Each structure stands twice: as C-alpha cells, then as structure tokens.
Amino acid sequence: MSEILGVGSDLTTTGEHPMSTTAERKAVVQEPGATPGKEWVIVTRGLKREYDMGGEVVRALRGVDLAIRRNEYVAIMGPSGSGKSTLMNLIGCLDTPNGGEYWLNGMLVSTMSDDALARVRNKEIGFVFQTFNLLPRATALHNVELPLVYAGISSDERKRRAKAALASVQLDNRMHHRPNELSGGQRQRVAIARALVNEPSILLADEPTGNLDSATSTEIMKVFEQLASGGQTVIMVTHEPDIAAHARRVVVLRDGLVATDDRRAAFKAQMGLA
Amino acid sequence: MRLGDQLRENVGIALETLRASKLRSALTVLGVVIGIATVMAMATLINGVQQQIVRTIESAGPTTIYMFKVFSQTPLNPDALPAWVRIRPDVQPREAERLARLPEISYASPWAIKVGRVEYNGVRLQPNRIYGADDRFTEVIGGELVIGRWFTRQELLGGANVVVLNESYARRLFGRENPIDKVVRLGGRPATIIGLYAPAANIFDPPSAETAAIIPFRMMDTQYDINRTQELFIAIKPRAGVTVEAAQEAVTIAMREMRRLRPADKNNFELITQAQILDVFNRLTGAFFLVMVALSSVGLLVGGIGVMAIMMVSVTSRTREIGVRKALGASRRDILLQFLIEAATLTGIGGLLGVLTGLVVGRLVTLFVKVDAPVPLSYTLVAVGVSIGIGVTFGMIPARRAARMDPVEALRYE
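Listed in order, the protein sequences are those of chains A and B. Residue numbers for the first sequence follow the numbering used here, so the first one is 12 and each next one is one higher. Residue numbers for the second sequence follow the numbering used here, so the first one is 66 and each next one is one higher.
Calculated from the structure, these hints are not laboratory results. It should be emphasised that the depicted structure is a prediction, and the values quoted were computed from it without experimental measurement. Beta carbons: idealized from backbone N, C-alpha and C, even for Gly.
So the derived label-pair ranges between C-beta atoms look like this:
(1) N347/B / R189/A: 50 to 60 Å
(2) M461/B / E50/A: 40 to 50 Å
(3) V430/B / D183/A: 56 to 66 Å
Throw the hints in and build the complete structure from the sequences for me.
This is how it looks when you write it as structure tokens:
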C-alpha cells in the first residue's frame, strides 16, 4: 500500500484500528443506531455488502467503518477488487448494504426504500462520473437542469439556477451546446455543474479524470480544489495516486476493509511534494 | 417531478426519438395507423349511410304507418309458417275502410307488393317491385308523377289493366318513343301505361328493390296471387297535426275493437312506423360497425405489439441514460412515466395519422357511392384517445422494466 501512496502509514503499522483520529473512532464506535453528531456528513458502521455470483458469495465489503466531516476533501483508493466501487455505490445511495449502518447527514439511509433513496440522491448527492454521463441529445443547460426537474422545481427557477451553476464552471458561453459539441474537459465541467446545481451535501466523483488527458485533468482538479476550499464536501474515488494526492485525506481499501486512512498524503500535496 | 413538467419533458423526448429514427417509428406505428384508419373510414361511411336513411325515410312519407299481419326482418317461408303467424287473421280491406273513417286518420287503404318483370316487345327487365295501390301513392311513399295521370275512380274500382311505370324503366323499354298508351306485360299480365313515376332519391333501395310499377290494388288482387301474410298490408296516413304516436294508438284501439281482442290478448297485427324501420337499419349498421371495429382492432393489436417491441429496444439501448436519471434522483414513477408518455406519444401520432387517412379514405368512398358523410368530431377524439390508450397499455411492460432497473447495473451498462 505504501508503494501506491508513496507514503508510510503509521496507523496500520501499529496494528491499531485504521481510524485517523479518536473523534472519528468515537463517531463510528458509538452505540449502533445512535445518530452521529451534526459535524459528520457520513458515518458508516460495519458496512457490509455481499454479492451472490451464481451460488458463490463474493464479500465486496466486510465491515467498513468510516466517518467523514462536513467540508472534508477525501480520496478513496484501492486496487481493483478492493471494494472501492461498492463503497462508492453505497455512499452514493445507488445500492443498499447487507449489513451495518450508513448515516448520511444525520439520516439512516441504509434501510431506506428505493424511492426514498432516489429523493436522497436528488437532494444530498452530486455525482461526477468518469465517462461524464451527460444525456447526448440534451443541451448543456438542459443536462444541468435535470436534477432540478426531478426535484420538482419550476421551469424559470430551474433555468436560473442551471445558468448560475454553468457560470460557476466558466461555461456560461456554452449553455446551448450539446455534449458532442464540447471538449472532454468542458463535458466534465458540465457534469460538475449538474452535480452542484441541487447544492448537495456531498460531491461524489468516480475517477473524474479517467477519460481526460493530463492537462485537462489538472484543470478539473483545480475545479475540485476550489470547491473544496469553498466548503464543499468532496469524495473522490480514484486509483491514480497523483490524483488522490490532491485530496486532504486518503482512505485506502483492501479486501473489503479500510486498510489505511491518512492525512499526510494530502499534507504532502499541499507542500508540493506529491 | 410534477406531471405537467413530466409531460412536457417526455413528449419532447419522444418527439426527439421519433425525429432521430423516422423509418423505425413509421413502421412501428403503421399498425396503429391502419387500425384507426379502418375504423374512421367505416365510421364515416356508416354515419353517412345512416344519415341518408334518416333523410330518405323522412322525405318519403315520414308519418306513414304500415299495418302488416306480421313483421319479420327475415323473409318467412310461406309453406312453413310458425304457429303464431298462422293463427293471425289476414289484413282485410274492410278494416282499412274502418280505419280511414277515424278522426286521426286521413288515409288508409289496402296495398300489396309483388315482385315481377316488366316486358315489352320481347324485352324483359329484371324482376322488381310492383305495387298494388291507388292514386294517392306519392302522398304515402314519396316521389312524383312525371307525365300522364293517376288512376281514375272507375279504374280503381274495376281493377282496370292500367299502370304507372317507373320512368327509367320506360326509358329502357321505349327510348325516345312516347310510352303513354303502350301496353306492357307486368308479371305476365298486360297493362296500358297511363303515367310515368319518378321515385324519391333513395340510394338504399338496392337495384332489386326499386319500384318498377304501380297498378290499381284491385287489379293486383284479382289477377295476381297475393301472399296475404307478407305481401298484403294497409298503408295509413295520419291527419295533418296528429302525431304518429297518437295515430298509432287510435289505429290499435280500432283494430282491437274490430278483432274483438280482450285486454289480456296481444295484438294480432303489426304496426310499422318510421321509427321501427330506422331501428332495424340502426341495428343492422350497428352490427356491421361492431364487426368492423373487431376486425380493425386486430390491426390495433398488431400495432400495439409493434410498439411494445420497439419500446423494449428503446429501453435496452437507453439503459445507461436510465441509470444516469436514477442517479440524479428520478424515482421509479418518473422513469415509468417517461417511457409510458413516450409510447403514448408514438401511438398518439399514429392515431392522428390514422384519423387523417381514415377521413380521406372515407370521403373517397362516400363520394364514390354518392353519400354525403360529415364526420363527427367525437369520432376523431375517441380514435386519438384509443391510440394513446394503446400506447399506455403496450408501453407498460417496457416502462416497468425501465423503472425497475438497478441504478448500479444501469450505470455500468455499455
């Protein structure tokens, strides 16, 4: 793991629970069912997810304990098969766990129904995908409007907010372009505007630079940096260490468990060492 | 999401999809178009026919009442009459005389209809209706005397061999020659032409049910063998200002009295009015219409299955879009509605095309058979409504499949 990160991990080497701080450990270890404090936007307690692959049970997550504060900028890393995609799907309320608890913004979402989860996704989570996932036949403006459509916001208000969101990623001059008329970086900025338009609790990015060249990646990472500085909670799943290094905290998964949870990578990044 | 927004959003998506794949969409809705077009064309035609029937009957003696021994929609076999028919008395000329004296009635007289050929100089026309009636024929049936005269009182009383011939028959037999005073043979009997008659325009008399000739009732009664069950009747006309219903009641009372029926006995005669004739026509055309609807609903069924197939394809090819929409907060209901509205838009457009095609075809057919047939707006609305209903029904399975997709799987779909 330290080879991937390029840093040592003091917590795992001591054999302790890989939680960064006692406060985080406390937030997790509280009585099961207890509502976490207001400062915690995400708390998972023993989160489990198993898949039945034709009779063989695959244990993708084997009990993940994680606590993330409001305004944190966290990267989730891990080799393929480590369970990071599964964790992202659970955090993004796209999937439900087989065991454990998931508290999002003070709500126990791990036991919610499909439609309740749809509302939570709409209100609390802004997704940014590796392949952008814009609707190809819709304009940039309409793509950004989409979450507001499902939130039941009136047309005028939608337009106003979507325009503001596009302006915040410097795309106000590309509003009426369709995705195929935009560059990769512009598309990802449209996707970021779409993710932010509902003012979500967390911005959840899955390999956001995976389909971009290095120059454009830097440009997108700057956008994330600005958002994080502005107080937006950002959670980013990636397998690229130099991308993860932009975050202020790096959580590494291995075999369905949190292996390391480290703030020094981010510290190094801030010092220009990453 | 609010329903209005949902509608606007999804009708837009549907139209976009239609534009993007014109040929596929056209083939998909073809079944719906054909089905709806058939119904619309038939509706136009039947509507026109019905209106024409109403007009014809109203123009040709709208208040005339016919009194038959029996009234049967299908011809009865004279050699095997059912018992309830056999026990009924025949219609009697003296009954007509008595009815004619009623204050409500202006005219009542025994008539008969036989089918026979008109012949002249070896030329024989196809067999058709010959009326045994009197000089007030046009008053009761409609139409007009073109040239010549009607029967005199002597001719009527004596049963003279004279005839008022359908003018088109006269033209066929005599060409430009003057037919008056020529002697034709009617069902084998000679008769002198004294006048020519033009029937009221009525396209519903099939060529086999035209009025060929009118002869004095007495001539028919003495020289032809009248079937008293089905060919003999009394033509009755109410006095001006008396309703058909009132006249019918007066006739019924007088008849029951003459035939000494007790209060519990049923009428042993039948009064036929325009309303009943219309009723028979309506039942006939109604049955015809039902058959057409049943046939064209096969077209609609095929169309519906086409829509279902294409919506299945659409759902599969847009799996990823469904995943994205779900990730952005679309509920199952939102996705369900999206695809239902799309299917309904598709079939709704098909329905509109079908209505237009049906109207054009219906119009052409009615021009061809010379019927004036305006189409009521309600037919159009129902047709479009049915099309949209088909979209919703057959779109349900694909839409449910889309709505139930797992967002994680859908987002991973390539």
